[in-house]
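Asks: Make a model of the complete structure from these sequences and hints.
Using UniProt numbering, the letters of the sequence shown correspond one by one to residues 1 to 124.
What the hints contain is simulated information worked out from the structure, not anything from laboratory work. Glycine included, each C-beta is placed from N, C-alpha and C at the ideal position. The reader is advised that the hints may include incorrect statements.
[Claimed, not checked] Only pairs whose alpha carbons sit at most 20 Å apart, straight line, appear in this in silico DMTMM-like list of lysine to aspartate or glutamate:
{"#": "1", "residue 1": "Lys-110", "residue 2": "Asp-83"}
{"#": "2", "residue 1": "Lys-110", "residue 2": "Glu-90"}
{"#": "3", "residue 1": "Lys-109", "residue 2": "Asp-120"}
{"#": "4", "residue 1": "Lys-82", "residue 2": "Glu-64"}
{"#": "5", "residue 1": "Lys-110", "residue 2": "Glu-123"}
{"#": "6", "residue 1": "Lys-109", "residue 2": "Glu-58"}
{"#": "7", "residue 1": "Lys-79", "residue 2": "Glu-123"}
{"#": "8", "residue 1": "Lys-68", "residue 2": "Glu-90"}
{"#": "9", "residue 1": "Lys-109", "residue 2": "Asp-74"}
{"#": "10", "residue 1": "Lys-111", "residue 2": "Glu-90"}
{"#": "11", "residue 1": "Lys-109", "residue 2": "Glu-90"}
{"#": "12", "residue 1": "Lys-68", "residue 2": "Asp-120"}
{"#": "13", "residue 1": "Lys-82", "residue 2": "Asp-120"}
{"#": "14", "residue 1": "Lys-68", "residue 2": "Glu-123"}
{"#": "15", "residue 1": "Lys-110", "residue 2": "Glu-77"}
{"#": "16", "residue 1": "Lys-79", "residue 2": "Glu-90"}
{"#": "17", "residue 1": "Lys-109", "residue 2": "Glu-80"}
{"#": "18", "residue 1": "Lys-111", "residue 2": "Glu-80"}
{"#": "19", "residue 1": "Lys-110", "residue 2": "Glu-64"}
[Said to hold, decoys possible] Distance windows between CB atoms, simulated:
{"#": "20", "residue 1": "Phe-93", "residue 2": "Lys-68", "range": "32 to 40 Å"}
{"#": "21", "residue 1": "Gly-62", "residue 2": "Lys-111", "range": "41 to 49 Å"}
{"#": "22", "residue 1": "Met-73", "residue 2": "Glu-123", "range": "27 to 35 Å"}
{"#": "23", "residue 1": "Val-98", "residue 2": "Gly-62", "range": "31 to 39 Å"}
{"#": "24", "residue 1": "Leu-59", "residue 2": "Lys-111", "range": "21 to 29 Å"}
{"#": "25", "residue 1": "Glu-90", "residue 2": "Glu-58", "range": "27 to 35 Å"}
{"#": "26", "residue 1": "Leu-59", "residue 2": "Gly-113", "range": "33 to 41 Å"}
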Amino acid sequence: CGQAGHLQKDCKKDTTASTSGQADKKTGVSGRVFAITEGHATKTSGIPPVHEVEFNIELIPGSEPTSKAPYRMDPIELKELKDQLQELLERGFIRPSVSLWGAPVLFVKKKDGSMRLCIDYREL
1 CGQAGHLQKD CKKDTTASTS GQADKKTGVS GRVFAITEGH ATKTSGIPPV
51 HEVEFNIELI PGSEPTSKAP YRMDPIELKE LKDQLQELLE RGFIRPSVSL
101 WGAPVLFVKK KDGSMRLCID YREL
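Replies: Here is the structure:
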């Protein structure tokens, strides 16, 4: 339906109709994940250096946007989520989005006791 933040299961509008009329062709989404230089990575707190990665996501014809409800978090996890998202925004690694596609996040405790932010892309 195109409404930002709208969960697919709650949508009352019919989104099953293909707007392109080419349901038999695969639609590819391509992009790049840009490298973080080692010098830049040492300035960031806890973000390891990475290399440029090419990726391609093949979409299934007729597939609809998936948006899952967020996983429940306790107040400590919510504060950590806000802090980590704010840091990633300030450093330019992420940006605000109004995409219909969305995935929930969760935390995994590291050996040192800090929290690792993980995104559950399985439904996408």
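Asks: Compare the structure with each hint and give your call.
Replies: Results of checking the hints against the structure:
1. Lys-110 x Asp-83: At roughly 17 Å apart (the allowed maximum being 20 Å), Asp-83 and Lys-110 satisfy the hint.
2. Lys-110 x Glu-90: violated (23 Å)
3. Lys-109 x Asp-120: Within the cut-off at roughly 16 Å; holds.
4. Lys-82 x Glu-64: This hinted pair is violated, its Cα atoms lying about 29 Å apart.
5. Lys-110 x Glu-123: Given that 20 Å is the threshold and the Cα spacing comes to 25 Å, the pair is violated.
6. Lys-109 x Glu-58: Distance ~32 Å between Lys-109 and Glu-58 Cα, so the pair is violated.
7. Lys-79 x Glu-123: violated (25 Å)
8. Lys-68 x Glu-90: violated (26 Å)
9. Lys-109 x Asp-74: holds (14 Å)
10. Lys-111 x Glu-90: With Cα atoms ~26 Å apart, Lys-111 and Glu-90 exceed 20 Å; violated.
11. Lys-109 x Glu-90: violated (24 Å)
12. Lys-68 x Asp-120: Given pair Lys-68, Asp-120 holds - Cα atoms ~10 Å apart, limit 20 Å.
13. Lys-82 x Asp-120: holds (17 Å)
14. Lys-68 x Glu-123: holds (8 Å)
15. Lys-110 x Glu-77: Answer holds: Lys-110 to Glu-77 is near 14 Å, not above 20 Å.
16. Lys-79 x Glu-90: holds (17 Å)
17. Lys-109 x Glu-80: holds (12 Å)
18. Lys-111 x Glu-80: holds (17 Å)
19. Lys-110 x Glu-64: Since the Cα atoms of Lys-110 and Glu-64 sit roughly 35 Å apart, the hinted pair is violated (cutoff 20 Å).
20. Phe-93 x Lys-68: 32 to 40 Å: violated (22 Å)
21. Gly-62 x Lys-111: 41 to 49 Å: holds (44 Å)
22. Met-73 x Glu-123: 27 to 35 Å: Hint violated: Cβ distance 18 Å, outside 27 to 35 Å.
23. Val-98 x Gly-62: 31 to 39 Å: The hinted range 31 to 39 Å is violated for Val-98 and Gly-62, with Cβ atoms some 23 Å apart.
24. Leu-59 x Lys-111: 21 to 29 Å: Violated - the Cβ-Cβ distance for Leu-59 and Lys-111, about 37 Å, lies outside 21 to 29 Å.
25. Glu-90 x Glu-58: 27 to 35 Å: About 34 Å separates the Cβ atoms of Glu-90 and Glu-58, which means 27 to 35 Å holds.
26. Leu-59 x Gly-113: 33 to 41 Å: holds (39 Å)
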